[in-house]
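Protein chains in written order, with the numbering used here: chain A, 1 to 663; chain B, 664 to 827.
Do not take every clue at face value.
To be verified - Calculated cross-link-like contacts (lysine to aspartate or glutamate; reagent style EDC-like; alpha-carbon spacing at most 20 Å):
(1) B:K705 x A:D117
(2) B:K789 x A:E412
(3) B:K802 x A:D117
(4) A:K559 x A:E331
(5) B:K802 x B:E773
(6) B:K789 x B:E775
(7) A:K432 x A:D200
(8) B:K705 x A:D200
Unchecked claim - Reference listing, derived: stretches of chain A covered by chain B, where coverage requires no fewer than 3 residues with Cβ under 8 Å from a Cβ of chain B:
(9) 122–131
(10) 521–534
(11) 635–646
FYI, nobody ran anything at the bench for these hints, they're computed from the structure. Note that beta-carbon positions come from the ideal geometry of N, C-alpha and C, so glycine has one too.
Letter by letter, the chains look like this.
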Amino acid sequence: MKPAERGGNGQPKIGVYVCHCGTNIAATVDVEAVRSYAEGLPGVKVARAYKYMCSDPGQELIKEDIRANGLERVVVASCSPNLHEATFRRATAEGGINPYYFHMVNIREQDSWVHADMAAATRKANDLMRAAVHRVRFHKPLERARVSISPAVMVVGGGIAGIHAALTMANAGKHVYLVEREPSIGGHMAQFDKTFPTLDCAACILTPKMTEVRSNPNITLWTMAEVDRVDGYVGAFRVTVRHKPRFIVEDACVGCMECIEACVFQRGKFPDEFNFGLNMRKPVYIPFPQAVPQVVVIDQEACIEFRTGRCKKTCVEVCADRNAIDFTQTETFDTVEVGAVILATGFKTFDPKRTPSYGYGVYPNVYTAMELERLVNSSGPTEGHVTLRDGRTPETVGILHCIGSRDVNTNEYCSRVCCMYSLKLAHLVKEKTGAEIYNFYIDIRAPGKGMEEFYNRVAEEGVHFIRGKVADVYPEAGNTGRVILQAEDTLLGRVRKIPVDMVVLATGLEPQADVEAVRRTFNITCAGGGFFMERHPKLAPVSTFTDGIFLAGACQGPKDIPDTVAQAGAAAAEALALVDRGYVEMEPTTAYVMREECSGCKTCIPLCPYTAITRVDGKAEINPVLCKGCGTCVAACPSGSIRQNLFEDEEIYEEILGVLAHA
Amino acid sequence: MPEPTEKPQESAADGWEPKIVAFFCNWCTYLAADLAGTSRMKYAPNARVIRVMCSGRVDPQFVMEAFANGAEGVLVGGCHFGDCHYQSGNHKALRRFRLLQRVLMGMGIEKERIRIEWISAAEADKLRDVMNDMVARLKALGPLHLEVPAEGFPEVADLAEVTA
Numbered sequence: 001m002k003p004a005e006r007g008g009n010g011q012p013k014i015g016v017y018v019c020h021c022g023t024n025i026a027a028t029v030d031v032e033a034v035r036s037y038a039e040g041l042p043g044v045k046v047a048r049a050y051k052y053m054c055s056d057p058g059q060e061l062i063k064e065d066i067r068a069n070g071l072e073r074v075v076v077a078s079c080s081p082n083l084h085e086a087t088f089r090r091a092t093a094e095g096g097i098n099p100y101y102f103h104m105v106n107i108r109e110q111d112s113w114v115h116a117d118m119a120a121a122t123r124k125a126n127d128l129m130r131a132a133v134h135r136v137r138f139h140k141p142l143e144r145a146r147v148s149i150s151p152a153v154m155v156v157g158g159g160i161a162g163i164h165a166a167l168t169m170a171n172a173g174k175h176v177y178l179v180e181r182e183p184s185i186g187g188h189m190a191q192f193d194k195t196f197p198t199l200d201c202a203a204c205i206l207t208p209k210m211t212e213v214r215s216n217p218n219i220t221l222w223t224m225a226e227v228d229r230v231d232g233y234v235g236a237f238r239v240t241v242r243h244k245p246r247f248i249v250e251d252a253c254v255g256c257m258e259c260i261e262a263c264v265f266q267r268g269k270f271p272d273e274f275n276f277g278l279n280m281r282k283p284v285y286i287p288f289p290q291a292v293p294q295v296v297v298i299d300q301e302a303c304i305e306f307r308t309g310r311c312k313k314t315c316v317e318v319c320a321d322r323n324a325i326d327f328t329q330t331e332t333f334d335t336v337e338v339g340a341v342i343l344a345t346g347f348k349t350f351d352p353k354r355t356p357s358y359g360y361g362v363y364p365n366v367y368t369a370m371e372l373e374r375l376v377n378s379s380g381p382t383e384g385h386v387t388l389r390d391g392r393t394p395e396t397v398g399i400l401h402c403i404g405s406r407d408v409n410t411n412e413y414c415s416r417v418c419c420m421y422s423l424k425l426a427h428l429v430k431e432k433t434g435a436e437i438y439n440f441y442i443d444i445r446a447p448g449k450g451m452e453e454f455y456n457r458v459a460e461e462g463v464h465f466i467r468g469k470v471a472d473v474y475p476e477a478g479n480t481g482r483v484i485l486q487a488e489d490t491l492l493g494r495v496r497k498i499p500v501d502m503v504v505l506a507t508g509l510e511p512q513a514d515v516e517a518v519r520r521t522f523n524i525t526c527a528g529g530g531f532f533m534e535r536h537p538k539l540a541p542v543s544t545f546t547d548g549i550f551l552a553g554a555c556q557g558p559k560d561i562p563d564t565v566a567q568a569g570a571a572a573a574e575a576l577a578l579v580d581r582g583y584v585e586m587e588p589t590t591a592y593v594m595r596e597e598c599s600g601c602k603t604c605i606p607l608c609p610y611t612a613i614t615r616v617d618g619k620a621e622i623n624p625v626l627c628k629g630c631g632t633c634v635a636a637c638p639s640g641s642i643r644q645n646l647f648e649d650e651e652i653y654e655e656i657l658g659v660l661a662h663a
Numbered sequence: 664m665p666e667p668t669e670k671p672q673e674s675a676a677d678g679w680e681p682k683i684v685a686f687f688c689n690w691c692t693y694l695a696a697d698l699a700g701t702s703r704m705k706y707a708p709n710a711r712v713i714r715v716m717c718s719g720r721v722d723p724q725f726v727m728e729a730f731a732n733g734a735e736g737v738l739v740g741g742c743h744f745g746d747c748h749y750q751s752g753n754h755k756a757l758r759r760f761r762l763l764q765r766v767l768m769g770m771g772i773e774k775e776r777i778r779i780e781w782i783s784a785a786e787a788d789k790l791r792d793v794m795n796d797m798v799a800r801l802k803a804l805g806p807l808h809l810e811v812p813a814e815g816f817p818e819v820a821d822l823a824e825v826t827a
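Put together the whole structure using the sequences plus the hints.
In structure tokens:
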């Protein structure tokens, strides 16, 4: 620093601001004590306390002091830097000095909110304040480099969340790569019959959006594809996508399905995944009638040609003019560059075999809600007739809520949608069969538009509600095929045993089985329950801690279709805001080499995960565009010749001395 | 608020409190500490957190410096393996840590005084437990008395006397 810039005694002039945050800080930390303590620290010219530093008048204090008192450094003790570091850096810059002449002290999240003893919390605030004042003297002016953004975006997952996000961005003129691992887009919503509380037919509202995806020229739809790896950073992600073989030339297939008819299997022999194995399909099949793309797929595990190599290949014969069947297809890879990624990877339903007391997989007439969803659907395995596995129509049905939800043995959280879909299924089954329906619930959770009204409607239709968890499911004596549901009715205060023909388990929502792998691929975090973690639960609900990666739908947590669509729109808007600006500003916290001190030992080179370090003319050189600023090479350099902006050795040493000094 | 100028007292019974310097990575453990705050969890107020971008940035000299200047414990917090925001910085941190711990033990600093923990952004409860547990262990150990007061490294000329 030039001597002219310094305050008295060669020290830069420091301004210190302590925030009350209403009573959030002031109730546990003696704010005035911290302020007066800070005032006595070397170099501090101004020390103020203010009710809300993040408010406009609070920020104005900083700007005014920089202008009027010639402050050269600013320290604010308030909340977490993750919340307001950017705010105060901006205020510092608007005051007229470099924004990196600012340092923030976290006395809320990591002090006042986590300690009860005021003396100890105040002492801690003083220590942290002293460290910041020590440190900030060594700050250097830094610039944020601008890097241009690739205008394309990627959406991972083709359920309703991914579809909506992709369409929103495509309609804004952005090129969207939509990656779906199943043979068709549509996700769980395509499997639903009706949607609560309006009883819209799910297919009727989803199918138009699915075909729009197919026809939109701005969308590249890749089904049977998964993201293999992600390189790069916000604005320039290089995503490698693995295409699994479909054994069908997608562009040649017109979806006539004659090959399915011609298959050497006379009838289906393999469980139909779309209908949860309630019916059988052939090795060549189309996932469901409205599938997008309208292209068949060959199941390699089932197809005789793959198993023996001696099939008559009648499918190939009937497709002779189009020649769409290709048994030689293998995995292929595509790498594309995108500016932002929206993850819409959805959820899986809880596997009720994990709670064996409900008899799923033991008693044939115990179903999951998703299976019942297919049974009531007119394009489902029974063409919409609710029938049991033995062909009977159930006269009594028990719907068990909270299977795999609100239970410390499985998942502690509420899955949010099960109450409402249980009511919907109760209504649909009653409408179709006239059966007596018993809902066993803990609480009915019906918040939101039209939900409570729907609950009342279903109750008025004569569906029974029993408040109590089913403790046991066992067969009725005398081979009736019925099972007895035993539960304590907590409103009546006595145990009830109700024989039913059909049991439906309202299974909860869980993160996808491979959520960990996906999380690592995209370098994001999972929160409690295993769902992807948002940047801030209230203020940044679709962003993640990795810039340029956004979340939509149930991959972030259980939610219903309206919330999913709203969130997908929000994620699309955030991604558009990022991509449309055309550039990103990179944090300047990169590492750099003091060339004259570098001995060229090459210790640092293998440490860098981004290959940002190379050896040029016998010395290390760091490419600032590739460097992400972890500082691992800085810590490892034997001669101390690598430094990191904003985390310089002397800055950290000053912080250490600062927190430990007793004067 | 008077400045705590009085000399640190000698045992837990006298109100002595161990001082911990904590280096938390920006992406996991620092966020866990923020989450503990948002969740209003309560834990011992002994640690002073220094934020670094990655646990891989923690230079062994930082730890030495902390002990030399009166820290009774040093805690390094990073992401779980496989979760590192920078892919593998936590591996590098652990590699250094193992060696450093042995060096420090050779200097008479007990193993419990330096600790490395992998705490994800969602594990606020783990952060609270680690903080409380470390304070309890340090209280059981008592204050750190370094045998040789750290006053910087002797000059080569002074070393000649020692070797003579």
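Against the structure, the hints:
1. B:K705 x A:D117: 10 Å, holds
2. B:K789 x A:E412: Cα-Cα ~18 Å, so holds.
3. B:K802 x A:D117: 18 Å, holds
4. A:K559 x A:E331: Not OK: A:K559 and A:E331 at ~34 Å, beyond 20 Å, violated.
5. B:K802 x B:E773: Judged against 20 Å, a Cα distance of about 13 Å means the pair holds.
6. B:K789 x B:E775: 17 Å, holds
7. A:K432 x A:D200: Answer holds: A:K432 to A:D200 is near 16 Å, not above 20 Å.
8. B:K705 x A:D200: 48 Å, violated
9. 122–131: holds (count 7)
10. 521–534: Coverage by chain B holds for the region 521–534 of chain A (6 residues, Cβ < 8 Å).
11. 635–646: With 3 residues closer than 8 Å to chain B, the region 635–646 of chain A meets the three-residue bar; holds.
When the structure is compared with the earlier hints, violations turn up for hints 4 and 8 and for no others.
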